[in-house]
Every structure is written in structure tokens, then in C-alpha cells.
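Novice: Spelled out from the first residue to the last, the chains are:
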Amino acid sequence: MSALLALERIGKSFGGLTALSDISFSVNPGEIVGVIGPNGAGKTTLFNVITALFPPTEGSVVFDGEAIAGLPPHAVARRGIGRTFQNVRLFADMTVEENVMVGRHCRTRAGALRGVLRTRGEREEERGIRQRSRELLDLVGLPGACSGQAAGSLPYGHQRRLEIARALAADPRLLLLDEPAAGMNEAETKEVSGLIRKVRDLGMTILLIEHDMSLVMKACDRVVVFNFGRKIAEGPPSAIREDPGVIEAYLGSAEGAADA
Amino acid sequence: MEWINPYHLQVASFVLINVILGTSIYVTLSTGQLSLGNAGFMSIGAYAAALLATKYALPIPVGVAAGALLAGAAGALVGIPSLRLSGVYLAIATLGFGEVIRAVAINWESLTGGAVGIAAIPQMGRVVLAGARDLGFSPASLGLKPNQFISLTVFLILLVAAVLTVAFFLRLGRSRVGRAYAAIRLDERAAEASGIPVTYYKVLAFSQGAMVSGLAGALYAHATSFISPADFTYHRAVEILVFAVFGGSGHILGPAFGAAFLTVVPEALRAISHYRYILYGVLVVLVVIYRPQGVIDPPLLRRMRGDRAAEAA
Chain A
-8 MSALLALERI
2 GKSFGGLTAL
12 SDISFSVNPG
22 EIVGVIGPNG
32 AGKTTLFNVI
42 TALFPPTEGS
52 VVFDGEAIAG
62 LPPHAVARRG
72 IGRTFQNVRL
82 FADMTVEENV
92 MVGRHCRTRA
102 GALRGVLRTR
112 GEREEERGIR
122 QRSRELLDLV
132 GLPGACSGQA
142 AGSLPYGHQR
152 RLEIARALAA
162 DPRLLLLDEP
172 AAGMNEAETK
182 EVSGLIRKVR
192 DLGMTILLIE
202 HDMSLVMKAC
212 DRVVVFNFGR
222 KIAEGPPSAI
232 REDPGVIEAY
242 LGSAEGAADA
Chain B
1248 MEWINPYHLQ
1258 VASFVLINVI
1268 LGTSIYVTLS
1278 TGQLSLGNAG
1288 FMSIGAYAAA
1298 LLATKYALPI
1308 PVGVAAGALL
1318 AGAAGALVGI
1328 PSLRLSGVYL
1338 AIATLGFGEV
1348 IRAVAINWES
1358 LTGGAVGIAA
1368 IPQMGRVVLA
1378 GARDLGFSPA
1388 SLGLKPNQFI
1398 SLTVFLILLV
1408 AAVLTVAFFL
1418 RLGRSRVGRA
1428 YAAIRLDERA
1438 AEASGIPVTY
1448 YKVLAFSQGA
1458 MVSGLAGALY
1468 AHATSFISPA
1478 DFTYHRAVEI
1488 LVFAVFGGSG
1498 HILGPAFGAA
1508 FLTVVPEALR
1518 AISHYRYILY
1528 GVLVVLVVIY
1538 RPQGVIDPPL
1548 LRRMRGDRAA
1558 EAA
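Here the protein sequences come in this chain order: A and B.
The first sequence begins at -8 in my numbering and counts up one residue at a time.
The second sequence begins at 1248 in my numbering and counts up one residue at a time.
A couple of the hints might just be wrong.
[Unchecked claim] Derived DEER-like restraints, expressed as beta-carbon distance ranges:
no.	chain 1	residue 1	chain 2	residue 2	range
1	A	194	B	1407	51 to 57 Å
2	B	1549	A	19	46 to 52 Å
3	A	114	B	1304	38 to 44 Å
4	B	1535	A	162	40 to 46 Å
5	A	109	B	1538	31 to 37 Å
6	A	109	B	1363	44 to 50 Å
7	A	162	B	1527	51 to 57 Å
8	B	1552	A	114	21 to 27 Å
Hints in this document: simulated from the structure, not taken from any laboratory.
Only a predicted model underlies this, so the values are computations on that prediction, with no experimental measurement involved.
All C-beta atoms, glycine included, are put in the ideal place defined by N, C-alpha and C.
Required output: the full structure, derived from the provided sequences and hints.
Specialist: Next up, the structure:
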């Protein structure tokens, strides 16, 4: 099976500070891969490199057999990589539905003139966008009643779901989730975990950063562990849990593991 | 038909030109960019239309369209390099651009007439009247004096232009492109990660704003029949900005309201002569302090709509 995403010796430094060095791993189609590691280990930087918000200093990102380094972020999204952000970045003043509709942008075409003239094709396209947005809101479990509400006024857990719906609207093949369960209670975390698997079952591949170990252990097929910008381990969750290097570097002592 | 007062119509015509100018700054602001170059783009439209009419005797609609398109093209050319800048830096760069255009207008005397400007630009009301007379029509048949007919014609043409301009961007705002503009304004990084080509839309909005300014300039030239570089100084650029600050830039009706209100107030207060600009300043300062988002904002419009819906129910 050829990998959907292959990272080849990625390095990233900011001035003299090395955020990532020599990161290589791949993600196969249909997998859910977790990225874990202490704060500052470079996990979010890795997401920013994959989605081209920053170019890597070294190495290459290969998506579906093609190197995507050098493409602008919107082109990477168009190729099929969607993401959410660690500190939810919604369009707060837009409605819930409009946020998802924005996500559909790169799969639709109507330009300014057609939008103003409301040609038949444009109206049909808008109907399609709206319908798809409703389906996605439904999929992530946001009640239809809130679709006209300002996105910024949603409760936090709903904002995270909305961000996932917006990312899904672009029909990604690879979805990058940056701490999807951050700030959620146990019940909500369980729901998110269910949602992640549901999304995978729809045919998507998922790479996720998460601190909640129960979610990582339950949802992920494979886990990659980062520390100080380097990959220190990779394997199935059960093996990672037993890996002495990971326990030492990441979880600290055995008692510390219970706190984490 | 005594009530048709050419002076009132002239004020109303300036209101409409300023509404179009208010729209021009709104369009660029709707992607989060502040351009103070709109007076410069306005002068490009005005000079292009005036020269095409006076030197080449082209029909007014052709010159107006050419002026607007030329300003839009200049907007794209200026926009591409300046969009590396944002915030205050973009504002200063575009203000500088406006001054460069004015310097060119003053110094390229053979083309622009220098500081004296261009006079005897065909006035649209007079042109329509002459055409109507050729067809055997006399304004007296409507009970209008010729100067009433002229002012009324200018007002109506500008009304159509202003309504079409506002309607264009109102509709654009509710389309796919309008959502992209809003997304860029609200969170550029999230917009690009969602697949929106941010640079393309910023240049598009910048160019559209320039085109609308050029349209206003071209109409201005044919409404006043005289233009000079003094019409397009940085005072004009700041005046356009104040329309948006005072009226509000969260909805297209904000700058339109600001333009209308701030054009009418000084005229209405002619009786107190020079003091009126003190009042103008006080009004603007009060709005900035007590309503920093401007007089008109989306929640206000929703409330007004809600009230109407509640009354209807």
C-alpha cells in the first residue's frame, strides 16, 4: 500500500531555534495516526509545515505521490489536506452555516459576476453548497437550530465540531486535527472519538495531535511520539504504552503517567 | 414644478457620488485592507473620462466605462505589490500613491492641463437635454425650466449609478466571493487553510474598490464639467475614509449612510458658515468615542429588521 502522506526528513528552524529535525514517517490511506508529545515538542509546527503555512527548512512533504512543498496553503487545501487549529479559528462573526459554506470554496467555482447576476448555474451551486453544509453540520452533531447563529457565540465544544465540519466541506482526503478534544469533558471526548472514527469510515485518513491519552489509545491505529522536535518512537498504541523510552521522555515516571 | 430646486438636486447629486465613493472604500475594507488611494483612483477615472470626451469627443458612457476600467486596472497594478503590506503600512503606501497621481496630474500639463485642470467637459444633463431637443422634446412640456431639467437628469443618472453600485456589492456580499472576502477579513490564516486563495481575492477587492472610485470620478467629471488636481487631494482620501469610520464599515449601508449624512450636514448648516466644520468634527469624534464601529452595524440592521418583522406579526 502506498502512503497517502509521506514526510521525508523534515526539518524546520526559526532563526537559530530548531523546532523540528529529521522527521520521517508516513500515513497510509484509511489510517488514524496520532501524534503525541509534551508541549513544545513540535507537533503543531509539523501541521503548519504539512499545510504549507511555513515552508520546511529541510526535507519534503509528499502527498499522494507528489511533493507539495512550495505550494501556497490554499493549493494544499485544494489537493485534499484539511485541518483544524489548536485554538479554534472560526470566522466568529459569520453564522455557523456560513462557516461551513466557506469551507466549500475550493470545490466550487462561481466568480464575482455570476454571484452578482445570480445565474441559474450559480443558484444551483449555492443550493448544493448549502445542502452539503447542512449534511456536514448533521454529521458532526450540531443541531440544525444553531445554523443561523454567530459561530463565535457557540459553546466551546460545538465550536470544535464546527471547525471539523468546515474542514470536511473541502472534501479532504487527509484531515489534520490539532487537539480536537482539548478542553472537553469525558463524555464530550468520547463523542469526538466516535466522530473521528465515523469520519474515517467515510473514507478519510486522519492525523491527529492529542493530549488525551484515552482518546489516542482508543481511536488511533498508530502513534508517533515527538520530543524536542524529534521523533522518538512510532508504533501501535499498545506498544507505545509499553515503550520505556516514551515512558521516560514523555510520561515521566510511572506515577506521572497516571496524572497525564 | 417650482419645488424642483436645482441647488437641492446638486447637493443630492454630490451625496450620490459620495455614496459611490463610500462603497469603494467599503469593498477593499471588506477583505480587511485599508486603502487611502481611492482619491487617486477617482482622479484616474475623472481624467480618463474628461480627456476622452474633450480630446476625442467620445460619447459619455464610453468615457465613463473606460475611466472606471482604467482605474480598476491601475488598482490591480498597485494592489499586487502593496498587498505585501497591511494595516497602517498599506494605508500610507496607498496615500502616497494618491499623491503621486496628483503630482502627475499637476505636472503633465500637455495632457492634463496642469494645476488649471480641464474645463468644458460635456455635462451629462446638458448633453441629454441637447439630445432630447434634437428629437423635438422640450422640457417645458413637463413643466420644467431647462436648468431644472438638467439638474434632475444628472440626479437621476447618478441615482441609477449609485443604486446599481450598492446593489452589486450587496449581492456580491451574499455570494461565494463575498463569503471569501469576509473569511479573509475575519481570519486570513483560517481562510487560506480552508482553500481560499487569499492574495487573489485581496487583489480582486482592491481592484474593485479602485474601479468604483474611478466610476465616481468619471461621473463627477461629467456632473461638474470641470476637474482639477485640487479635487483629488489627500483631503478627499480622508473624507472617503471618514464616510466609513462614521457610517460603519461592517455593512455596505454604513459608508453609504456616512457619505449621505456627512455631505448633507455641512450644506444644511450653511447658515452658521465656518462653524459648521467644527460641528462636523465634533460629530465624527462623538461617533468614534461612543460608537467605534460606526453608526450602522449589522446588529443594528438586524434589530431594525426584527422590529419590522415584529410589527408585521
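Novice: If a hint holds in the structure, say so; if it doesn't, say that too.
Specialist: Right, here's what the structure says about each hint:
no. : hint                       : in the structure
1   : A/194 / B/1407: 51 to 57 Å : 52 Å, holds
2   : B/1549 / A/19: 46 to 52 Å  : 49 Å, holds
3   : A/114 / B/1304: 38 to 44 Å : 43 Å, holds
4   : B/1535 / A/162: 40 to 46 Å : 45 Å, holds
5   : A/109 / B/1538: 31 to 37 Å : 34 Å, holds
6   : A/109 / B/1363: 44 to 50 Å : 47 Å, holds
7   : A/162 / B/1527: 51 to 57 Å : 53 Å, holds
8   : B/1552 / A/114: 21 to 27 Å : 23 Å, holds
Checked against the numbered hints given earlier, the structure satisfies every one of them.
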